[in-house]
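A.B. asks: Here are the chains, one letter per residue:
4 protein chains.
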Amino acid sequence: MVGIGVVGYGYWGPNLVRNFADTAGARVIAVSDLREERLAQLQARYPAVRTTTDYRDIMSDPAVDAIVIATPVSTHFDLALKALQAGKHVFVEKPLVAEVEQGLRLRDEAARRQRTLMVDHTFVYTSAVRKIKEIVGEGLLGPIYYYDSVRINLGLYQRDINVLWDLAVHDLAIMDYILDARPSAVSAIGVAHVGDREDIAYLTCLFEHNTVAHVHVSWLAPVKVRRTLIGGAQQMIVYDDVEPSEKVKVYDRGVTYGAGSNGNRSNGNYEFLVGYRTGDMWAPKLGTSEALHDGAKHFVECIQRGERPITDGEAGLRVVNILEAAGQSLALQGRPIELNWERVAA
Amino acid sequence: MVGIGVVGYGYWGPNLVRNFADTAGARVIAVSDLREERLAQLQARYPAVRTTTDYRDIMSDPAVDAIVIATPVSTHFDLALKALQAGKHVFVEKPLVAEVEQGLRLRDEAARRQRTLMVDHTFVYTSAVRKIKEIVGEGLLGPIYYYDSVRINLGLYQRDINVLWDLAVHDLAIMDYILDARPSAVSAIGVAHVGDREDIAYLTCLFEHNTVAHVHVSWLAPVKVRRTLIGGAQQMIVYDDVEPSEKVKVYDRGVTYGAGSNGNRSNGNYEFLVGYRTGDMWAPKLGTSEALHDGAKHFVECIQRGERPITDGEAGLRVVNILEAAGQSLALQGRPIELNWERVAA
Amino acid sequence: MVGIGVVGYGYWGPNLVRNFADTAGARVIAVSDLREERLAQLQARYPAVRTTTDYRDIMSDPAVDAIVIATPVSTHFDLALKALQAGKHVFVEKPLVAEVEQGLRLRDEAARRQRTLMVDHTFVYTSAVRKIKEIVGEGLLGPIYYYDSVRINLGLYQRDINVLWDLAVHDLAIMDYILDARPSAVSAIGVAHVGDREDIAYLTCLFEHNTVAHVHVSWLAPVKVRRTLIGGAQQMIVYDDVEPSEKVKVYDRGVTYGAGSNGNRSNGNYEFLVGYRTGDMWAPKLGTSEALHDGAKHFVECIQRGERPITDGEAGLRVVNILEAAGQSLALQGRPIELNWERVAA
Amino acid sequence: MVGIGVVGYGYWGPNLVRNFADTAGARVIAVSDLREERLAQLQARYPAVRTTTDYRDIMSDPAVDAIVIATPVSTHFDLALKALQAGKHVFVEKPLVAEVEQGLRLRDEAARRQRTLMVDHTFVYTSAVRKIKEIVGEGLLGPIYYYDSVRINLGLYQRDINVLWDLAVHDLAIMDYILDARPSAVSAIGVAHVGDREDIAYLTCLFEHNTVAHVHVSWLAPVKVRRTLIGGAQQMIVYDDVEPSEKVKVYDRGVTYGAGSNGNRSNGNYEFLVGYRTGDMWAPKLGTSEALHDGAKHFVECIQRGERPITDGEAGLRVVNILEAAGQSLALQGRPIELNWERVAA
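Those protein sequence lines, which keep their order, are chains A, B, C and D.
Take 0 as the starting number for the first sequence in numbering that gives the first Met the number 0 and just add one per residue.
Take 0 as the starting number for the second sequence in numbering that gives the first Met the number 0 and just add one per residue.
Take 0 as the starting number for the third sequence in numbering that gives the first Met the number 0 and just add one per residue.
Take 0 as the starting number for the fourth sequence in numbering that gives the first Met the number 0 and just add one per residue.
These aren't lab readings, by the way, just hints derived from the structure by calculation.
Values in this document were obtained by computation on a predicted structure and should not be read as measured data.
You may find that some hints are simply not true.
All copies of an identical chain are treated as equivalent in the list; a pair is satisfied when it fits inside any one copy or across any two copies.
Claimed, not checked - Simulated crosslink set (SDA-like; lysine to any residue; CA at most 20 Å straight-line):
no. : residue 1 : residue 2
1   : LYS223    : GLY286
2   : LYS223    : GLY274
3   : LYS284    : PHE76
4   : LYS132    : GLY274
5   : LYS284    : ARG104
Could you put together the complete structure from these sequences and hints?
C.D. replies: Quick look at the structure:
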C-alpha cells in the first residue's frame, strides 16, 4: 500500500484526493493547505485523512511514501525537492517547474535517490490522446505535416503564471507524447489585457522535416474551444475535446502533387496538378475512464514496480524547456528562439 | 448604363459575370480569356456577350467603361494599369497587387485620371461583416482586445501565391474595415508541404493599445473552418461563416479585474480578484443578399456618382502593405517586422 | 432542521443523498437499500448516516421528518403511503405512482395529514425550464402552437416500466409546468425490440386551440438527443439540453397569413399570401445551480413554511393521468384516448 | 436525343430545366407556364428554348419525346394522363398524384402505351440515400428496428396540399427505396395553424417484425432540421442532410439482452441483463453529384434503354397509397388505418 500525502487543496486538489483515494494500492494519508476552511471541507468528506496547515508534517510523516504537489507553480521546485530529499516519491501538477534549471535538479535528485518523479500531464492519460498516439504510432497519418491546437475559454486566470504556462503546457505535453520529436525553434506572441500577465498567446514550434506546431491559448474567449488538428500526408485527425462523444475523428483526406506540374507557368495554363483526396471519416471508440484516475494508477504502479512513468521528470523538463524559450520569444514579440536540447539531455 | 468588360474567366469569373449581369445600371459587354473552351462556356450562357482571347480588344472597346480583372495576382498590376491608362474604371480581384510599389502606382494613376479603382474585398460586402462593423462602430464591444480568425480547408492551391495571399487577405480586409486601425508590426510563420509555396501559415498583427490580431490559414485541413472571434472589454463576437444561419453571435461576456487584487501574493491567498461576467447571447438577423452582388452594385454606383468605394485602392494597398511585410517575416521564421505606413499614405 | 430518510440507494440515490446533505436546513439521517454493498459504499462516503436494509427502520425513526423514495416505480405507492401514514413528509422520484388511483389516494392522504407530498419532476427545477416558463409566462411567444420534444439515447433500460414512463414523464412534467393547460386527448404508439416493454415510443397530446404536443422517446438511439421546440405565433424556442451552454434559444420567427390570400385559387396564381418573418435570435443567460439541489431545497422550504411544492401530488397525478391513458392508446396502436380530468380534480 | 418539354416553370422548374439541359442525350425543347414573366426569365437564360402559355402546344409538339410536369399536385394527374395519351414519356414532380385511383390509371396507361413513367422522388437519387441503401442492403444494420425522421423548417407553405404531401412524401419515398417493405398500418396526427391545411404533422407506419417508422414534418419550425435515424439490431445510421459534409454516420452501437434476465424480479436485484455495445463510428465518403442531375439522367437512360426507373409509377403509387390512408387517419386524430396493398398491386 502506497501512502499518499497531498500538498495543496485548492482548485485541483479535491480531484487528486478523490482519484488517489479510489486507486487500488494507494491510500491518502494526509493533506496540507494553508487555508483552514479548505481543510475543513476535506475533513467533512474524508474524515480518516489527517490534515495540517504545515506541509512539513507531511514530508516527515513515515506513513507517507509519495507526495502529490498541487500548489502554485512557483512553489513546485522547492516542495518537490524537499519531498525527494525526504525520500518520498513525487507527483507534481503541471507544469513541473518554473525554470529549466529547477527541472534539471529535480530530475537528478530523483535519479540519485531512485525515487519516482512524475508530472501530471493529464491529457497524456486521456483515452483520446492515447488513441491518437496509437494511430500516429501505426503510421496511419503518414509523415506529420502539422499539429494545430486551439485551447481557449473565459478564465480561469492564474495568479503566478501566464496563459502559456497554464494552457499551452497541455499541448506541449500532448505533442511530446504523440510526435516523439523535439522542435528546433519556438516563437511566441502574447498580450496581457486583464492583469499583467499574458492572457492571450500564440506559440509556434518548428520541427525537422517542415513539421509545424501551433497553439492558440486564451483566457479571454467567449466560448470554450478545445480543438486539435493533426495533419499528415496520408490522413488527418480532428480531436475535439468539447464533443461529448466522437472526440477523435480520422479523415482519410489529403493533397497530392503531380510531377512536373509546376513547370508550365509560362504557357498560360493556370491549373496545376494538385489533387485532392477525400475518403471516409472514422471515429474510433474511446475508453471512458477518467484521465486523472489512470494517471494516479500509473504513478502508483510505477512506484510499486520501480518503473519510469510515461510523463517522468524528463518529459516535464522537455515541456518546461520549450516554455522557457517561449518566454524569451514573447519578450521579443515573436522572434524565433532556437531550442537547446543538449542542455536537458540525460 | 456602365459597360463592363471582364478579363479572365476562370474560377471566379463566372460569378463576376453573373453578378454584373444582374446589376442595375450595368451591362456586361465583353469577356476575355486565354482559353477558348472557357469562352465557349460563357457564350452558351450569355450569347449577347462578346468574347475574345486578347484582353486588348476589351481595353480598346469604347463600349466598355469599366474593366473587371479576374486573373492571377501576378498579372493584376499590368492589366489594371493598362485599363486605367485606357481611361477605364477598374475592379480588381483580391489581392489588389503583388507588391506595394505596384499598388502605389495604381492608386496614383487612378487619382490622376479620376477613375474609380476598387478591389474586390468580398467579405466587406457580406451582411455578416457589415453587421459586425455596425456593432463595433456603436462601441458595443468596448475597447477591442483581439481579432482571431481561422480560415482553413482542403485546397484550393493557387499557382502563383501562397496561402497568406490567398486566404489571409480576407481577414486583413475585414480587419481593415472593422477595426479601422493600422497594425504597428506583423509576424508570420508558414511552411510548404505540397509544392513550394506556404500552404499553412500563421500571421499576427500587433496594434496600439495591446490589440492583437491573429490569422490561421491553411490549404491542408481536413475540415472547413471559417471562424472569427472578436473580443472586447465589454462584449465578444463569434462569427462563424460556415453556419447556415446565426453566423454572428454577440456574447455579453467579459473579465473584470479588481483593484489591488494582485498585491497580496505573500499572504498565501491564491485567489485574486478576477471576476467573470456572463450574460445573454444575441444573434442579430442578417440580410440575405449575395456579397458579390452588393460589391458589384457598389462599384457601379461609385462610378455613376463619382464616389470612392469602401474598398478603394487605398484599402487594397493597406492590405498589400501588411502582406508584403508578412512575407519578410515569413523568411525570418516569424521575426516581427515593423510596418511602414507613411510609405502608403496618400 | 428537517431530518431526511432515503429509501433506495440505486442509480439516483447517491445524487439525492448528496444534494439533501448539501441543503441548508436538512440533514440526512438514514438510508435504506436491500443491497448491503450499496450501503457500504454510502457508509464510506457518509459515515454519519445510519444504514439499514429494512426501510421500516426509517419510517419509524422519530429523527426522520421526511422520506425520500428512490425505488422502482411499482413500489412508490406502497412506500409513500406508509411514509405518510407514519406522519412523514414525502419526496418521490418521478413518476409519482404507476396508476391514477394510487395517486389519488396519496394526494388525499397527504392533504388529510397535512404533510408535504412532492414528486421529483427534476426538469422543472432546471434553470433552463424556469427561464422558458418565464418567457412563456410573459407572453413573448404569443399563442402556443406546439411543444415538440425528442428525448433519445442508448439505454438505460428500466426493469418495471416502459420508455414512456421513464422518459416521456420528463416532457409531460415540463409541459404541465410551462403550458399550464390540460390536453383533451392523447395518442401513443410504441414498439418493444429488446425485452418486452416498449423501448421506442411516440406520444401526442391534443389541446384546445389547436395546440399540439409531441414527444419522441427511445432507449435505442445511437446518439443522445434532448431537444425541445416550443413554437408560438410570435416567437419560437429551441431548448437543447445537450448543449453545454446556450441551452435555450429564442427565435423571433414566425409565419403570417394575409387576409383574403386563400380566396384566389381559381386564377392560376400559385403564390398565396403567406409571409415568413425572421428576426434576431437570443439566448438568455441561465443560472448554473444543479436542478436536484434546487428541488431538494424547495422541498425542505415547503415543509418548513407549510407551503405547497410546485410539483406537488396534483402535478404528479396530472402526469400519471396522461401516462395511464397513453398506455391504453399504446395497446390500440395509437387510437386517441380522451382524457378525464374531472377524475383527478381536487 | 430525347426532346424534353417542361410544363410549369415555378419554384422547381428552373432546376429541372437546368438539369435536363445538362443531361447528355437530352435537349430541352419547350417550356410552358401560365405566367408570361416566368417565361421571360427563362428566355433570358435559354434563348433556344420555345416558350408558351398553353401546355397543349408542348403535348402536341412532335420534337418533344418526354414531358416533365412541375405544376401543383392537383394538376398532376390530368397533365400526366394527357401526356401519356399523346405518346410522351412522363416525369412528374413528387407526389405522383393526389389520389390512388389516379395513380392506378397513370400506371396502367403508361404500361399499355409502353411509355416511361417516373416520379421525381429526388432523395432516392442523392448519394447519401444511395449509400444508405447499399449499407442496409449488405445487412450491416441487422434487422431494422426503426426509421425516424425529422423534416422541419419555416415554410414553404403550399397552396393545394398539406405538409404531409409536401414533406413526408420525401421520407415515404426514401423508406420505400431503402426498407423495401410495405407498412401494414399508418397513423397520422396533424394540426393547421396558419391557413386551413395541416402545417405540422406526425406520421407513423407500422411494419411486420415490429419495425416502426415515424416522420415529423413541419412548416412552422424556427430552425431547419433534416435528420433521419435508422436503427438496426447491429448498427445504426444517423443521416443529417443539413450537415455540409459527413451527412451519413454509421454507429456500431446496440443493445443486447441476456437470457433469463427478466425473471428475477422478486429477489430485489434491480439490475437486469441488458448490455450496451458502443463501437466505432464511420462516415462513408459520398459522391458529390446533384441528385436532380442523376435523376434526370436516369429518366433519359430508362427511355433510351426501355428500362423501368427506380422510382417508377409503382413507387409513386405506393407512396400515394400511404399518404391517402394517412389523410384518413388525420381526420380521425391518429386512429391507425390498415393499408390495402392488393389494391395497388400490379
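A.B. asks: List, from low to high, the hint numbers that the structure doesn't satisfy.
C.D. replies: 3, 4, 5
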